[in-house]
Structures are given as C-alpha cells and as structure tokens.
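Novice: Residue numbers (my numbering), protein chains in the order written: chain A, 1 to 518; chain B, 1 to 518.
Treat the hints as calculated values from the structure; they're not laboratory data.
Remember, predicted model here, so these are calculated numbers, not experimental data.
Check before you lean on any hint, since a few could be wrong.
Since the list gives no way to pick one copy over another, a pair counts as held whenever it fits inside one copy or between any two copies.
List time: in silico EDC-like cross-link candidates among lysine to aspartate or glutamate, alpha-carbon distance up to 20 angstroms [to be verified]:
no.: 1; residue 1: Lys286; residue 2: Asp368
no.: 2; residue 1: Lys436; residue 2: Asp314
no.: 3; residue 1: Lys84; residue 2: Glu73
no.: 4; residue 1: Lys428; residue 2: Asp345
no.: 5; residue 1: Lys104; residue 2: Asp136
no.: 6; residue 1: Lys82; residue 2: Asp223
Number of protein chains: 2
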Amino acid sequence: MPIRFWYFIFNSYLCTRIHKKKYEMAKELKNLTKRSDNYSQWYNELVMKAELAEQAEVRGCMCIRPYGYAIWEKIQSELDRKFKETGVVNAYFPLLIPKSFLSKEAEHVEGFAKECAVVTHYRLKTNDTHDGVVVDPDAKLEEELIIRPTSETIIWNTYKNWIKSYRDLPILCNQWCNVMRWEMRTRLFLRTSEFLWQEGHTAHATREEAEDRARMMLKVYADFAENFMAVPVVQGVKSETERFAGALDTYTIEAMMQDGKALQSGTSHFLGQNFGKAFGVTFLNKDQQQDYAWATSWGVSTRLMGALIMTHSDDNGLVLPPRLAPLQVVIVPIWKTDEQLAAIDAKAGEICANLRSKGITVKYDNDDQKRPGFKFADYELKGIPVRLAIGARDMENGTVEVMRRDTLEKETVSLEGIEAYVETLLDKIQENIFEKAKAFRDAHIYECNDYEEFKEKIQNGGFFLCPWDGTAETEARIKEETQATIRCVPFGTDQTNPGTDMVSGKPATCKVLIAKAY
Amino acid sequence: MPIRFWYFIFNSYLCTRIHKKKYEMAKELKNLTKRSDNYSQWYNELVMKAELAEQAEVRGCMCIRPYGYAIWEKIQSELDRKFKETGVVNAYFPLLIPKSFLSKEAEHVEGFAKECAVVTHYRLKTNDTHDGVVVDPDAKLEEELIIRPTSETIIWNTYKNWIKSYRDLPILCNQWCNVMRWEMRTRLFLRTSEFLWQEGHTAHATREEAEDRARMMLKVYADFAENFMAVPVVQGVKSETERFAGALDTYTIEAMMQDGKALQSGTSHFLGQNFGKAFGVTFLNKDQQQDYAWATSWGVSTRLMGALIMTHSDDNGLVLPPRLAPLQVVIVPIWKTDEQLAAIDAKAGEICANLRSKGITVKYDNDDQKRPGFKFADYELKGIPVRLAIGARDMENGTVEVMRRDTLEKETVSLEGIEAYVETLLDKIQENIFEKAKAFRDAHIYECNDYEEFKEKIQNGGFFLCPWDGTAETEARIKEETQATIRCVPFGTDQTNPGTDMVSGKPATCKVLIAKAY
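Same shape as in the complex, but just chain A (with noise of 0.2 angstroms):
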C-alpha cells in the first residue's frame, strides 16, 4: 500500500515540524521580560502568554480567557459562601440608571457622573446603501440612560419600595455584576471601562449596625485575601480626600505588589443616610418614628486578579495559591515504548482517582502531540502548583518527581503515598507565597518622619508610615510632589503619639501609609 505508505512518511514529517514548533513555544513561553528589566511589560506579557485575558476590540475594554474566567470563578465561588455566611443575598438590579438618578445623590454624582457610558437611542435602521446600519435618529430617548458605574442609586430607588418599618431591616442585598467607568488609561484587570465585581448593598435601621457591616465585609475581605489568595493586606480608614463619593467613612484593604507600590483591593463604605434621604427610604423605628435608613455599600472586582498575578508571579510565570488554582496539580509521563506509556497511564489513573476522592483537582496529560519539556514550560507559566512528573524509570523504582511551582524545587519521593504527600505540600505551598509575600512587604513598610528622606525613597516603592496633620492640603501637596497617595490610616498601628507632620510640620493627628498606587 504506497499510499499509506507515503501518508505515513508525509505525518511523520509534519509531526517533527509541529515538535519542533512547540519546543520553540515552549521556549517562547519562557521569554517573558524579566520583572527587575521592566515590571510593567512583565506583567502585560504575562497576562497574554498565561491567556488569562486580552484587550479587545472595544477600547478599554477586557476579554477574560478561559483560564482567567476560572480564577474568577474561585474567587467568586469563595467570596460568596463567606458573603452567605453573614446572611448576605444575592438578586439582580438593572444595568442602566436614568441620567438623573445620578445628581440625587450630590457628592456622589461629583465623584461618579463625569465619565460614563451613555444610551441616547433604542434602535438602528439600515441605512441608505443597504450595506451597514445607522441610529434611529426617531429612536431617542426621552431620558439618556447610564450604563452603571456603580449602583448605588438605582438599588436605593428600589429600596423605597422594600422598606416601611424597622421590621423590614436590615436589607442584605449583593450582586455580581459588570459596570463600566470610561478610563482613559486602561490595563488587563486592573483598570479597565468595563469589570466585572460584586456590590454589596445594606439597609440598616441604626448607625451602629451600618458601620458593624461596614467593617465586617472589611475583615471578610480581609480574611479571604490573606487565606485564599495568599496576599497580605493592610486594613484601614481612608482620608477624606480619598473617600468614595457620598461616603461618611470609607475602608479598604491595600496589597503591596512586588514593585513595591501599593494596589487598593476592596473597600467597604458606610454612607450613613446620605442615600436613604436622597431617595426617601424612610421606615418606622422601634419609637414609632420615621428615620432615615442607614447604608453600607462594598465591592470588590476583577481587580484582584491583578493583585493576585503581581503579588505572587515570578519570571517563569504565573504562581497562583493552591486554593485558589482551578488546577492544582498535573501529572506529565515521560516515556518512549507503548508498553511504558500503558503501565504509566494505569499508575497515573490511580492517582488521580485518589487526589480527586480528597477534593484536589488534577490534570493527566499524556497528549503526545507535545514533548515534555513543552508542558513543563506551559504548567510554570500557567502557575499550577504542584507537577508530578513520571517516568519509566521511576516506574521500575517506585518513585516519581515532584516539582513545587513556588521555589521551583524537584523532588523525588516514592509512588507509595503519594497522594498524602501531595495534599500536604499543597498546604504547604499555600503557607509559604503567604509568608514570602508577607515578608517582602514587611521588609517595605518604613516609619517616616523626614519629607525629604521620604521623597528620595518613595521612588524605589514600599510603604511609608508617617505623621500627618490631617489636612488636605498636605495630602495634595505630597501626592504632587511625589505622585504617592494616603493610602489609609492603617488598623492596629499605636496612634497614641503621632508626631509631627513631616511636611507642614504642624502637629500629627495620625499616623497614615503612603505609597505609590496602581
């Protein structure tokens, strides 16, 4: 049979070129730049080649690619039990808000209203040539509408409704949604015009239990941050100046990113009634008065994938947390016989039924359209934690290689009880970015109290611990001359004695961290 013959020399050749194409990828994938030649191109590159997410074709605007979609999905899937845990629903409100829901709510329409995508029409017609389609100029809207920037308006319109007595309190309404701000300056994840988050919307019938929620979202953040993503945080109080629009106190969680410059990651809002008399919510308290419903609104977005990328990444790739990995571990055969690639596949098989049965998630890839080496640089640039390599030999002696993705160190233990050895290094690995990522930021948090020694040193990152006098003008007159911003008044620091204000040097009401910020 010739012509089976020749298909068979014409696939071996194509097979060598697809090799070899894929080694050179598999080297390509290596060639990420280097964080220390330029952070910033590192981290653009690296969300491209780990496909977590790509621009698209509409400015400003983000595709999040299976893989990153995944990690959101665990984030997601995390951050709703915790929310469900406090008694938090979930429901949907609409994506547009009526233009003049907006200026309801004074400050907050000064701090959101300016850069907004807006809806002037409902319909398109086909146009002239019969080639393309135009607006409807008959099709306008009586009102333009706002595609949400946030929903603090339109959720507390419908709050209206819901509420009449104290006995309908407290409202504990999330959502997971997309909103659009228009950036003029975009990056994958951490600032884009359109992201993906939650919002978190309370109704309460005292002050007390709106600030309590306030906070306790704050500490769920918190808490999932350090325990789920691995990545620190500092908790606090932001300045005035730094509020969100329409908020009596505004907390946040800030992450140090390895350039040393800090990335908010979650803020909690207590609004106290300013939406509650911007929009009528009133109800009957316990006194039989009517009141004022008190509000708390937080969120966090898709933001924290870029905290997630640059807080534990390094040049081989993404370095993602056990809990957080929608794959955690993936086993890689080595062989070159039938034979030793079916005795392989049987032991692998094994394997993966006994990780699974512990809840770990577990990939086998014995394609042999790509060498090893290939998947080696792949599973390092996609991050996955843990990668068991095995091979014929190893199979005669009972052992397999172990490479743990956080040091990159090999390892080679034996077959026999593997899968313990596995859930252990898991937590393991889990502990250790923590740690690491907690020293690095440890090492960059300096107490301050010379303006000038902290002008110098602001330019190399980390965060500044300094006195402050409490006013504004301080605050512009340092982020101006340096670009850093109050990031908070930190929780947990002694704040009994701060000093004097390192630029006005007029007495300190706080001690605040400063920093460069995303």
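Starting from the structure of chain A, add chain B where the hints point.
Specialist: Only chain B this time, still in chain A's reference frame:
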C-alpha cells in the same frame, strides 16, 4: 416602675396590631387572582407576591429579588455543571459591540439590529444651573457602541485570533451575562429589555462536529428542563422562518404552560460557516487546507423562570420542584408556653441537623412575631415543597404534621425516622409534578388535519400536530389568521407519511407542532 408597665401595655397593643396586620396579610397573600379567572394577571401577581421580581424604574427592565435570584442561582449552578461535563469552559466577552460588527453577518443584522440600546457618548457634565447633569456633547463616540443583544459578532471577532490550526479546535466557550433587546411589550421574566442568560459559542473543524454539538446542547437543555425543573418539553427543529438570525438550523425545546400556550425555553443553533466567513476565522485543517471554522451557539435565559412558574404553580402560589427549590423544607412550631417552645426548638434542631447532613435545605421558623397561619400561607405562596408543623400535642405523641406543597395534602407521621420520610417525599414530589405537567401537556397535544377545526380549537390553547407543505406562505397565513406559529418539527414523530397540508391542500413535507406562544 409605672413607665415600664405602660411600655409593656403599649408594646402588647402594638404586637396585637402587628399580629392583626400580619394575619390580614396572610389572607391577602392568598388573595391571588385565580388562574381560571385571568391567567395573565395570576402570573403577574404571583411574580410580585412571591417576591421573585419587579418592574424596574427603567422601562422594560426588571429587578430580580433575592428569592427569585436564589432560584436562578440553582438553575445556573446545575446547568453550569452540565455544560462543564461536556467540556465547556466559561469566559467573558465585552458588553459593548461596535455598531459595524452587527452588519458583518447579513442575516444576523436583519434579525437583530433593529431594537438595541445604543451608546453614543462617554461623559456627562454638570449643567449650567449646577443642579443636575447633562450629556457632554464633546464626548461623542466616533463609532456608536451597541449593548450586546447576543454576542456572536464580538466573540467571532475574538476567535479570529485564537484559531490558526485544527489543533486549536474545538473551542467551547460559554458566558453567563446580561443582554439587552429593546422590547416594546415586556413581562417579568418572559420578555424584558434586559435579561440574564448564558450564551455558549463553539467553533469546530468540521460541519459534523458542529451539528453534533448543537444537538448535544439541546439534549442538555431538555434533560435539565425535565429532570430538574420538572418541565416536560418537546424537542425539535425550527422552520426557516423561525430560525435564529444567521443560523442554518435552530433546535428548540418547547414547553406547554397551563393556559396551553407554548414557551420556547431554550434554543441551540447550528450556524454553519456564516460567522467564520463574516469575521475571517480560517484555520489549517488536517489536510493542510485553509477552511472556515464551523459554529454553534446556544442559550437559555431568565425566561426559564417564567416556564418554571407557569408550568407548576397554582392558585395558592408557587410550586417548586424540590431539586430547584432554594429552600426544600420548612419547620413551623406551634406553641403556647415557653416550655413547649423550648422542647420543640430542641427537637427541630435535631431534625434540621439530620436533614442537612442528607444535603437537604431546611429552615426552622420559630419567629414569634408571626402566627403559624401567616407562615403557612407565606411558605405556600413561596412554593416550599415540604412543610413540617410540630405542636405540643405532636411532641407528646411523637408525631409531626407533614404538608406537601404539590398536592397540599397533610399527613401526621411519626417523628421517628422523619428525615428518611422527608427525603423520599421530596423525590416523590419531584416526580409527581413532572408527571402531572406531562399528563396535562399530553392531554393537550392534538393531531389535526382540518384547518377549520384547527382555527376553532387553537383559541383554547394546546399543541397541534399538523401536516405542513413546507412553505413560508402557509406558515404566514396560519400566523396571520390565528396568531399561532410553527413551534418546531418535533423529533421522534413519525414523518413517513405526513399527509396533506391542512391550509393549502398541497402535499405535506412534514408534520409540525403549531401553537400560540409567549
């Protein structure tokens, strides 16, 4: 302490007032319009009274309330699991689509471009009188953006960059998101301008594989509808007229509501190479030839909530299938003395723990601000599948009253082994409401070959299996004269000898299912 005394008296008076009010509410809850009086009004009232959803301030949009959203979350989580079992992964694509994209696929634009929300500006500014905001005329977009009515165009524009070789295929992406179609006449869940849905978009190397996928997803939908929602469906393929804009074939599941009307509950489209060609998505196939990728898309939406409500519910309110009920069991204590309550509390706590360990969701409602009668009415309205009531006498006798929501039957059974009893009962209810809906549906499917008879009978609803000559003219005439449409060519119907078209008298090409539809 006279003040305390008067406070007590006043409080007692208040409680009585509240009890009375709540009791009236209980009656009022029941005061649902009867289906037989006005089916449409019954539906609208039920959606509102059971707190599933309500009209939003923005025309045609809805707010999905926590209870409605909890049901939607159950729908999502089960469907998502089923999708992933078939290899589907989730991703996220942008909300906004450049206007020009819509005209790239000629048939698609005809079907969709008409009624869309159009974003023309990206900034607001404070008005001249400083008391509101206006659209900033300087912030006009060069090209208008459309809020996605469906995402084929933007997704295929992205796939262009992902697909080079047959090795990159298939791509099996799904997204859970909001979409917007500017509907003129809207009804909660059934037809709203904004709605939530999932849209799957797959790309394949061969026609066969794409067609298989389109049919596979229809089966996933049908299986979900029947086994989880307990909604029997007819599976079939749409006529050319009723196809999705841009599809070569549209597969559908059609459910029958209690008024005999059809509700299209999910569709799966085989799109051929239409979008591949429109967006230049080519790949190198196994024979080293360039070819266009083959496409499918498939979706279900919050419309399923409408199907759920209208298939099972009755004049007392919602009836939920146990597998989709956010709360499956409620326990209500009936007591006079604190001692009685304490004893019931303890017993109920035990039952709750045991039920939860079986994966059953249960709530113990010992709220002393609401009477048992009010609770009964409320849980009936909300469709909780099983209600247990435990009174002081029950405690003495070791019994409990069990009410099943589907039949409203009450039974007194032993407290001993109540958990196993409830577990079995939930399965029975799931099965019973499916069988009931199926019996109703089957009793209202008619074979019909006579157009006069058809015109008369169709006014009372039902599905009609009729011979059709395959022409759009006949189809249009039926629609014009009866408002009924061809729902599909049903699968599994003997088509060997379809007979004579009842309208035109010409030879029929097939038997089709005709019904009035939502």
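Novice: Please go over all the hints and tell whether each is borne out by the structure.
Specialist: Against the structure, the hints:
1. Lys286 - Asp368: between (71 angstroms within a copy, 17 angstroms between copies)
2. Lys436 - Asp314: Classified as within: same-chain Cα gap 12 angstroms, cross-chain 60 angstroms, threshold 20 angstroms.
3. Lys84 - Glu73: So lysine 84 and glutamate 73 pass the 20 angstroms test inside a copy (16 angstroms) and across (13 angstroms) alike.
4. Lys428 - Asp345: This pair counts as neither: shortest intra-copy Cα distance 28 angstroms, inter-copy 43 angstroms.
5. Lys104 - Asp136: Intra 30 angstroms, inter 19 angstroms, cutoff 20 angstroms: inter-copy only.
6. Lys82 - Asp223: within (10 angstroms within a copy, 32 angstroms between copies)
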